[in-house]
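Chains as they are written, first to last, in this note's numbering: chain A, 396 to 743; chain B, 396 to 743; chain C, 396 to 743.
None of these hints come from the bench; they were simulated from the model.
Check each hint, because a few of them may be wrong.
[As the list claims (entries may be wrong)] Some chain A residues well away from chain B (every beta-carbon gap over 12 Å; in silico): (1) Q402; (2) G409; (3) T410; (4) N414; (5) E426; (6) N438; (7) D458; (8) I460; (9) Y486; (10) K507; (11) D661; (12) R712; (13) R718.
[As the list claims (entries may be wrong)] The calculated PhoX-like cross-link candidates involving lysine-lysine, where the alpha carbons are at most 20 Å apart (straight line), are: (14) K418(A) <-> K440(A); (15) K507(A) <-> K561(A); (16) K424(C) <-> K711(B); (17) K561(B) <-> K424(C); (18) K719(B) <-> K728(C); (19) K728(C) <-> K728(B); (20) K728(A) <-> K711(B); (21) K728(C) <-> K725(A).
Note that the structure is a prediction, hence the values are computed from the model and not measured.
Ideal placement from N, C-alpha and C gives every residue a C-beta, glycine not left out.
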Amino acid sequence: MEFTAKQISELLHGTIEGNEQVKVNRLSKIEEGESGSLSFLANPKYAPYIYSTRASLVIVNSDFIPEQPVACTLIRVDNAYTSFVQLLEVYNEIQLNKKGIEQPSFISASAKMGQDCYVGAFAYIGNNAWIGNNVKIYPQVFIGDNVVIGDHTTLFAGVRIYSDCKIGANCTLHTGTVIGADGFGFTPNSENQYKKVAQIGNVIIEDHVEIGANTSVDRATLGSTIIRRGVKLDNLIQVAHNVEIGENTVIAAQTGIAGSTRIGKDCMIGGQVGIVGHITIANKVKIAAQSGIGSSITNEGEIVQGSPAFNIGDYKRTYVVFRKLPQLEKRIKELEQMIAELKQITSS
Amino acid sequence: MEFTAKQISELLHGTIEGNEQVKVNRLSKIEEGESGSLSFLANPKYAPYIYSTRASLVIVNSDFIPEQPVACTLIRVDNAYTSFVQLLEVYNEIQLNKKGIEQPSFISASAKMGQDCYVGAFAYIGNNAWIGNNVKIYPQVFIGDNVVIGDHTTLFAGVRIYSDCKIGANCTLHTGTVIGADGFGFTPNSENQYKKVAQIGNVIIEDHVEIGANTSVDRATLGSTIIRRGVKLDNLIQVAHNVEIGENTVIAAQTGIAGSTRIGKDCMIGGQVGIVGHITIANKVKIAAQSGIGSSITNEGEIVQGSPAFNIGDYKRTYVVFRKLPQLEKRIKELEQMIAELKQITSS
Amino acid sequence: MEFTAKQISELLHGTIEGNEQVKVNRLSKIEEGESGSLSFLANPKYAPYIYSTRASLVIVNSDFIPEQPVACTLIRVDNAYTSFVQLLEVYNEIQLNKKGIEQPSFISASAKMGQDCYVGAFAYIGNNAWIGNNVKIYPQVFIGDNVVIGDHTTLFAGVRIYSDCKIGANCTLHTGTVIGADGFGFTPNSENQYKKVAQIGNVIIEDHVEIGANTSVDRATLGSTIIRRGVKLDNLIQVAHNVEIGENTVIAAQTGIAGSTRIGKDCMIGGQVGIVGHITIANKVKIAAQSGIGSSITNEGEIVQGSPAFNIGDYKRTYVVFRKLPQLEKRIKELEQMIAELKQITSS
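Whenever a hint applies, use it, and build me the whole structure from the sequences.
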């Protein structure tokens with residue numbers, strides 16, 4: 396893929412300064428620019444790089460005034476950052492625009508395939524699976540019986556979806572993510588042996604959800620584990636059976652949510668957080684990384700930290716004192732000595 | 396699969412009230428029941444739902460006395476919960492009763508296959524592997540050379556077992572789980588470079604073990620990493636080389652156990668716990684979620700929390716005071732002022 | 396593989412005592428030795444086992460003097476441990492010396508394959524991929540378009556590498572590890588909905604790197620996520636976009652590093668550590684397990700613990716006092732009572 400400055404300028408409705416026939420074939424940071432690369436300058440902090448960059452083409456804000464001669468071609472736009480992100484997307488779409496069915500792949504005769512799909516080699520699509528239009532199923536993906544995949548969804552190499560689960564439209568699931576493995580449900584008998592409780596529910600993932608690599612979302616015992624519209628889950632996250640995560644909630648890597656907990660909408664949850672089962676987290680709650688949540692959070696918008704977690708401001712003030720504990724103990728000891736002395740004085 | 400109330404009642408040795416010809420084809424919670432679904436009522440808290448549920452068939456305890464008319468057909472049994480779990484299992488067995496060898500799959504000529512096995516497409520079975528009877532090997536599973544898999548064991552899609560490992564009978568391993576990757580063993584040289592210590596041991600998993608999704612159990616350097624009979628491991632757990640986990644111990648998601656540690660029998664370990672290497676945990680120990688275990692626990696049945704962990708009651712009492720640390724510091728400051736004043740008074 | 400004592404002694408330049416024709420076909424710990432196994436004795440603590448072991452052949456230090464008759468054949472060498480590790484390596488090399496291309500596999504016509512490679516069944520090699528010499532690609536590995544794999548690198552079953560990433564020479568990546576999934580980058584709009592920021596950078600892994608099972612290293616937004624020469628990563632680790640990890644740094648299982656953070660050289664990072672984004676960790680820093688790093692560490696060689704972490708000695712001293720907090724509170728209460736009494740006395 397190679398484009399001229401003119402072609403890119405037209406795409407972005409920008410204005411060219413310099414050689415409009417210069418060609419670029421990749422994107423780069425301005426400080427790492429090389430001949431043939433296209434970059435951008437939005438943050439004034441990076442302005443000095445524009446005089447030394449070897450990028451062939453740089454997108455700048457329309458009000459940018461160079462203080463020295465600039466070697467590269469410029470495209471002026473209203474917002475250089477937004478325009479660059481737009482190019483990232485175009486680039487990505489071209490890169491990921493796989494089509495067709497590679498062989499060998501395994502598609503059950505009873506599966507229903509949409510139009511314009513990609514099915515990579517060694518992908519497996521089970522009985523009665525229903526695949527929407529323009530779905531991209533990379534190599535080695537597993538789609539169990541009766542699974543539904545909505546339009547425009549991408550499943551990267553090695554995503555695995557157990558039977559009966561439903562994935563919405565415009566979702567992206569990354570490699571190694573597992574949807575619908577059995578929930579962790581066992582009942583002990585009198586000899587401390589555990590008998591499995593069959594897990595026959597499913598997982599429902601709504602539209603516009605993105606899930607990172609090696610995350611696992613367990614199927615419900617009965618009913619559904621539900622990931623609502625717009626949720627973003629990072630890598631290596633554990634979502635247990637019968638959990639529900641509300642719309643547009645964002646969760647960072649390695650966090651775990653135990654069974655039957657309901658997370659509200661628009662929450663932001665940091666990395667390595669642990670949340671116990673059977674509780675409710677209100678909307679817009681923020682949870683600091685590595686926190687442990689042992690009981691429901693009922694106040695909308697609350698921000699917490701700690702394990703067990705409480706209000707983040709209180710936590711930070713508490714931690715300041717925690718770090719001084721040895722001194723505190725020393726002060727107590729000194730007080731005890733002084734009091735002992737005072738007692739002696741007053742009793743004498 | 397569709398069954399009449401009469402068929403289900405006979406399976407459960409129950410008594411029907413209502414239309415014994417009504418048909419059901421799925422299981423549901425009573426509050427989510429729909430026409431054609433079968434539900435149960437065991438917990439009296441849910442009794443009000445039986446008057447409004449749209450489930451066609453509900454299993455109830457034999458002593459249940461309705462206070463209003465009930466629209467659905469009832470089956471009375473001794474224990475509604477136990478009977479429902481029994482149905483879950485039957486349902487699951489029918490669902491998961493895959494048989495035969497799908498193509499393309501790769502089975503080494505030297506592998507020994509048992510009877511009634513399922514081998515999914517793109518599964519790989521290495522040289523001299525020994526597969527028992529009625530083993531279910533889902534698509535894209537990898538079984539290395541010399542691996543042994545016991546009877547009635549299920550390996551879901553994409554489970555991977557390195558060479559020389561042994562899996563017992565009646566085990567279930569979920570998608571993405573890795574058995575027998577190299578332990579993390581390196582010896583530094585004088586330039587801080589690390590030389591790998593070859594890991595030539597294996598992993599032995601005994602009977603009736605269940606392991607969740609994306610968990611990894613490393614092979615021993617020499618000898619075996621051992622998961623004893625009846626152990627249940629959740630998702631995303633790390634078990635390092637030469638660890639041994641005792642019978643019927645249960646471990647929640649995202650916990651990590653470092654090398655050569657021995658965990659006793661009947662332990663319960665919460666999620667996101669970290670356990671250092673080369674220690675011993677006694678039988679029946681319970682460890683609260685997110686705890687860090689830095690030294691051996693020798694008392695059978697001890698319950699601990701914290702990082703580093705200590706007795707859970709002490710931890711909870713300590714944490715109550717921790718949350719008040721800023722106040723405590725203020726009280727110390729006030730004491731210091733008062734003492735200073737008293738000193739002045741007494742010295743004057 | 397079966398070897399005589401004589402053959403092994405020659406390989407190790409040792410001296411034999413006993414039957415030099417005895418044959419061994421496996422390695423074992425001395426306390427678990429059986430007929431046909433080869434073991435070693437280096438640590439004097441294990442010396443008593445040499446009189447009872449059933450191993451056929453034992454490697455000992457040249458200065459070992461038995462106190463009782465020894466049944467097995469001995470090989471005397473300068474350093475029994477080093478010699479045994481040498482044998483482990485030989486054994487491993489023979490075990491893992493797979494060659495050839497199994498079918499079915501998928502190798503793009505535009506991929507460039509080196510010499511003496513192994514490609515397992517169901518492996519996928521994308522367009523313009525460049526594979527070096529003696530690379531071992533186990534079954535079900537995924538190698539995306541334009542990926543580069545250096546000489547003598549091993550990718551175990553089910554490793555997956557997204558397009559455009561570069562893996563160095565002499566690397567080992569274990570099963571389930573994902574290289575180059577999208578970084579977790581989203582920008583919120585006014586309705587709290589998140590729009591994805593396209594992630595078009597890559598991952599560069601230099602030579603002599605080993606990565607455990609089910610770890611994930613995300614691609615950069617722009618530019619590269621970089622794992623420097625000699626780095627060792629354990630299982631289930633999260634490395635976010637644009638992170639850089641310096642040479643010979645070692646990181647234990649389940650640790651997570653957030654976006655754009657730079658880790659120095661020769662660091663040692665324990666398990667389950669969390670490190671926030673956009674910070675810098677100096678060379679030779681050590682971080683205790685389960686710590687949380689919230690800001691840059693600028694002192695070379697610093698050792699920290701806690702969440703947030705600080706100097707490990709201070710942390711340990713602080714934690715000693717933390718465990719006594721209920722007593723401390725009691726002492727403060729007693730001080731308050733005594734002061735109150737003293738005040739009364741002095742004011743009376």
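Indices of hints not satisfied (ascending): Hints 12, 13, 14, 16, 20 are the ones this structure does not satisfy, whereas the remaining hints hold.
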